[in-house]
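A.B. asks: First to last, the sequence lines map onto chains A and Y.
Just so we're aligned, residue 122 is where the first sequence starts under the working numbering, counting upward by one.
Just so we're aligned, residue 122 is where the second sequence starts under the working numbering, counting upward by one.
No wet-lab data here; the hints were simulated from the structure.
Heads up, a few of these hints could be off.
Repeated chains share a single entry, so a pair holds when one copy, or any two copies, can fit it.
Unchecked claim - Here are the simulated lysine-lysine pairs, DSBU-like style, with alpha carbons at most 35 Å apart:
| # | residue 1 | residue 2 |
| --- | --- | --- |
| 1 | K440 | K335 |
| 2 | K222 | K403 |
| 3 | K412 | K384 |
| 4 | K134 | K246 |
| 5 | K440 | K222 |
| 6 | K437 | K134 |
| 7 | K139 | K242 |
| 8 | K437 | K403 |
| 9 | K205 | K437 |
| 10 | K403 | K142 |
| 11 | K250 | K134 |
| 12 | K367 | K131 |
| 13 | K205 | K131 |
| 14 | K142 | K205 |
| 15 | K384 | K246 |
| 16 | K142 | K384 |
| 17 | K403 | K131 |
| 18 | K246 | K222 |
Keep in mind it's a predicted model, so treat the numbers as computed, not measured.
Number of protein chains: 2
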Amino acid sequence: MKTEEVTPIKIKKADSSKIEKVDFDHLTFGSVFTDHMFVCDYVNGSWGTPEIIPYQPLVLDPSARVFHYAQAVFEGMKAYRDDKDGIWLFRPDENFNRINKSSVRMAMPEFPEDYFFEGLKTLLKLDEKWIRKGEGNSLYIRPFVIATEPSVMASPSGQYKFVIICSPAQSYYGGEVRVKIADHYSRSASGGIGAAKAAANYGAQFYPTNLANKEGYQQVIWTDSNTHEYLEEAGTMNVFFRIGDKLLTAPTSDRILDGVTRKSVIAVAEANGITVEVRPVKVEEIVAAAKSGTLKEIFGSGTAAVINPVAGFGYKEDKFELPKSSDSYASMIKKAIIDIQYNRAEDPFGWRYEVR
Amino acid sequence: MKTEEVTPIKIKKADSSKIEKVDFDHLTFGSVFTDHMFVCDYVNGSWGTPEIIPYQPLVLDPSARVFHYAQAVFEGMKAYRDDKDGIWLFRPDENFNRINKSSVRMAMPEFPEDYFFEGLKTLLKLDEKWIRKGEGNSLYIRPFVIATEPSVMASPSGQYKFVIICSPAQSYYGGEVRVKIADHYSRSASGGIGAAKAAANYGAQFYPTNLANKEGYQQVIWTDSNTHEYLEEAGTMNVFFRIGDKLLTAPTSDRILDGVTRKSVIAVAEANGITVEVRPVKVEEIVAAAKSGTLKEIFGSGTAAVINPVAGFGYKEDKFELPKSSDSYASMIKKAIIDIQYNRAEDPFGWRYEVR
Chain A
122 MKTEEVTPIK IKKADSSKIE KVDFDHLTFG SVFTDHMFVC DYVNGSWGTP EIIPYQPLVL
182 DPSARVFHYA QAVFEGMKAY RDDKDGIWLF RPDENFNRIN KSSVRMAMPE FPEDYFFEGL
242 KTLLKLDEKW IRKGEGNSLY IRPFVIATEP SVMASPSGQY KFVIICSPAQ SYYGGEVRVK
302 IADHYSRSAS GGIGAAKAAA NYGAQFYPTN LANKEGYQQV IWTDSNTHEY LEEAGTMNVF
362 FRIGDKLLTA PTSDRILDGV TRKSVIAVAE ANGITVEVRP VKVEEIVAAA KSGTLKEIFG
422 SGTAAVINPV AGFGYKEDKF ELPKSSDSYA SMIKKAIIDI QYNRAEDPFG WRYEVR
Chain Y
122 MKTEEVTPIK IKKADSSKIE KVDFDHLTFG SVFTDHMFVC DYVNGSWGTP EIIPYQPLVL
182 DPSARVFHYA QAVFEGMKAY RDDKDGIWLF RPDENFNRIN KSSVRMAMPE FPEDYFFEGL
242 KTLLKLDEKW IRKGEGNSLY IRPFVIATEP SVMASPSGQY KFVIICSPAQ SYYGGEVRVK
302 IADHYSRSAS GGIGAAKAAA NYGAQFYPTN LANKEGYQQV IWTDSNTHEY LEEAGTMNVF
362 FRIGDKLLTA PTSDRILDGV TRKSVIAVAE ANGITVEVRP VKVEEIVAAA KSGTLKEIFG
422 SGTAAVINPV AGFGYKEDKF ELPKSSDSYA SMIKKAIIDI QYNRAEDPFG WRYEVR
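Can you make the complete structure from the sequences, with help from the hints?
C.D. replies: Okay, here's the thing in structure tokens:
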């Protein structure tokens with residue numbers, strides 16, 4: 122390994138690349154990682170020298186607080202290669218701002234903006250071969266922060282590690298998605314951490330999602346924990362409902378993640394003359410619309426799939442199928458966003474961020 | 122290091138002990154650990170050979186799911202040495218049952234009972250010098266389970282690690298404790314994971330607790346997230362209120378941890394002729410009792426402090442001080458429980474568990 126000093130990031134390159142061993146046509150989401158990772162440690166009240174090092178295990182004391190108290194936040198982003206080998210990010214400022222908001226809610230220190238962007242750009246340039254051309258190909262980027270102080274005292278850690286790892290991804294298609302509307306289990310509480318992209322919000326959903334899987338649903342749409350009358354989000358996606366020609370989606374709150382794709386969907390829809398009502402959406406309204414035939418679409422929005430159309434949903438004992446449509450809002454909005462992401466269209470919103 | 126084979130636990134002893142370097146008179150809670158740890162890995166649908174190894178860092182892929190989705194649960198227990206060098210645990214069956222209940226809620230595999238008890242006893246015997254005689258001295262035991270599969274897919278991990286680490290502890294006294302009654306932030310939702318001893322329930326409390334600290338309170342008493350009208354628990358303790366001669370505490374629910382010390386307090390109180398009302402407790406009832414002078418005590422119950430008396434509390438703009446009493450229920454019940462823990466009294470409940 123040779124060591125180079127690039128202010129302020131210290132770079133230690135991998136001896137060789139693993140890329141030749143990777144089958145890019147058969148990738149499982151989030152399980153193959155690039156040759157390098159970005160790391161930066163927080164000790165004694167400040168972030169130390171950011172480093173890029175060969176992808177390698179983390180070595181942590183068994184008492185590190187992340188294991189015991191889930192002081193941990195993350196982000197999900199993607200890098201895209203256009204047809205002229207330009208490399209782009211999509212609204213990375215949103216992810217940067219959100220990881221720091223999440224950190225504040227979890228009593229963790231904010232990360233400096235220049236470390237984040239310089240670290241990310243340097244890492245992407247170093248591992249640029251992993252970002253492949255072509256529809257659906259991208260590099261999934263996972264920044265995360267974990268509490269590392271070795272002590273099981275139930276109080277905020279004094280030490281943290283900021284890490285970025287990257288995983289090549291293909292177009293995400295998990296088959297037809299049917300969702301279950303939650304009527305017992307909950308994702309988050311008013312006054313809780315639901316708006317933070319905190320690790321703690323995710324593991325909690327696995328058990329109720331397993332139960333839904335057994336009933337034939339792939340995901341759960343969460344409702345408010347007080348009454349289960351209002352639709353909130355799907356845990357890894359925000360959710361949109363099309364009734365007639367209007368799109369409905371729940372407002373963000375301290376229970377709902379302020380999704381980057383969610384706000385992009387709203388902007389693209391409105392720019393295309395679609396009325397978007399951001400307001401509390403009642404389960405009974407959606408059930409009634411499904412029964413009367415005015416419910417045209419349900420889709421989720423998130424970084425992994427951009428837009429994920431929903432084929433049907435279940436609520437208590439009832440099951441509903443959604444009509445199949447060739448001119449869906451979902452496909453129109455998805456195409457518009459993807460064309461911006463891959464630099465195949467104008468970017469009227471200023472969302473693209475050039476890496477190289 | 123020499124390796125011994127003791128069925129079914131594989132033991133690798135530390136070359137030397139760190140115990141001589143430890144200042145047992147000035148221990149910080151949860152930051153010094155004994156010479157050995159217990160580990161057992163879950164792969165391909167089953168738990169592998171349990172091992173005791175020298176205390177050492179965990180080496181995990183940066184994509185291990187515990188870092189990203191907080192699939193992690195734990196327990197808190199203590200071992201005590203009596204005056205005749207007997208070593209005892211307190212109701213360990215409760216901790217064993219609870220860690221598996223917590224695991225089920227977090228979509229994690231249950232751990233076998235014989236591995237747990239044999240592992241724990243073998244570990245305690247090996248590190249028995251770390252369990253010191255004398256009032257207040259104990260060995261704090263932290264069993265925990267973390268999701269280790271290297272993949273950032275948002276679904277349950279296929280690999281886990283069960284670990285037990287141990288930390289010598291002194292009598293826990295954090296000075297006078299004043300608590301803030303939550304009127305905005307929440308610990309857990311109905312239908313959520315509040316009843317599980319999941320890592321995810323803890324980090325979420327740090328930020329609101331920091332805010333309370335700034336107002337002069339050491340801890341927060343959480344209220345229900347729907348209305349903030351009912352008192353629930355204190356995050357690391359269950360809470361009891363004495364009005365007149367009665368003790369009140371909230372019933373357990375899917376939002377409240379079923380505390381081992383909590384149920385021990387109820388049993389000891391009732392055996393001593395004290396009426397314990399386990400029912401929803403309204404904030405306004407406690408505030409009214411504080412104003413009228415019938416509120417005699419508030420105390421928390423938990424493994425770390427057994428009983429933690431509360432000197433005062435705040436609710437919205439009001440602050441209340443509790444009377445100082447020489448014949449408090451808190452001190453009577455604490456003594457009764459500690460005498461059982463240290464084998465200084467009869468054990469009518471059958472709570473003591475002999476390690477050696």
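A.B. asks: Does each hint fit the structure? Answer for all of them.
C.D. replies: Here's how the hints hold up against the structure:
In the homo-oligomer, the alpha carbons of K440 and K335 lie at most 35 Å apart inside one protomer (15 Å), although the nearest pairing across protomers, at 50 Å, exceeds that limit. When the C-alpha separation of K222 and K403 is checked against a cutoff of 35 Å, the pair qualifies both within a copy, at 28 Å, and between copies, at 33 Å. Taking the closest pair of Cα atoms, K412 and K384 come within 35 Å of each other only inside a single copy of the chain (29 Å); across copies the shortest separation is 49 Å, beyond that limit. Taking CA atoms no more than 35 Å apart as the test, K134 paired with K246 passes inside one copy only; the shortest distance there is 12 Å, against 46 Å between copies.
Taking the closest pair of Cα atoms, K440 and K222 come within 35 Å of each other only across two copies (31 Å); inside a single copy the shortest separation is 38 Å, beyond that limit. In this assembly of identical chains, K437 and K134 lie within 35 Å of each other by CA distance neither inside one copy nor across copies; the values are 54 Å within and 55 Å between. Within a single copy, K139 and K242 get their C-alpha atoms as close as 20 Å, which meets the 35 Å cut-off; across copies the closest is 44 Å, which misses it. For the homomeric pair K437 and K403, the shortest alpha-carbon distances inside one copy (15 Å) and between copies (32 Å) are both at most 35 Å.
Within a single copy, K205 and K437 get their C-alpha atoms no closer than 51 Å, and across copies no closer than 60 Å, so neither meets the 35 Å cut-off. Proximity of K403 and K142 under a CA criterion of 35 Å is satisfied in neither setting, with 49 Å inside one chain copy and 62 Å between copies. Taking CA atoms no more than 35 Å apart as the test, K250 paired with K134 passes inside one copy only; the shortest distance there is 14 Å, against 46 Å between copies. When the C-alpha separation of K367 and K131 is checked against a cutoff of 35 Å, the pair qualifies neither within a copy, at 51 Å, nor between copies, at 64 Å.
For a Cα distance limit of 35 Å, the shortest separation of K205 from K131 inside one copy, 30 Å, qualifies, whereas the shortest one across copies, 58 Å, does not. Within a single copy, K142 and K205 get their C-alpha atoms as close as 25 Å, which meets the 35 Å cut-off; across copies the closest is 62 Å, which misses it. Only within a single protomer do K384 and K246 lie at most 35 Å apart by alpha-carbon distance; the minimum there is 28 Å, versus 58 Å between protomers. In this assembly of identical chains, K142 and K384 lie within 35 Å of each other by CA distance neither inside one copy nor across copies; the values are 38 Å within and 56 Å between.
Proximity of K403 to K131 under the C-alpha cut-off of 35 Å is found in neither arrangement, the shortest distances being 52 Å within a copy and 56 Å between copies. With identical chains, the CA atoms of K246 and K222 are at most 35 Å apart within one copy only, with a shortest distance of 27 Å there and 46 Å across copies.
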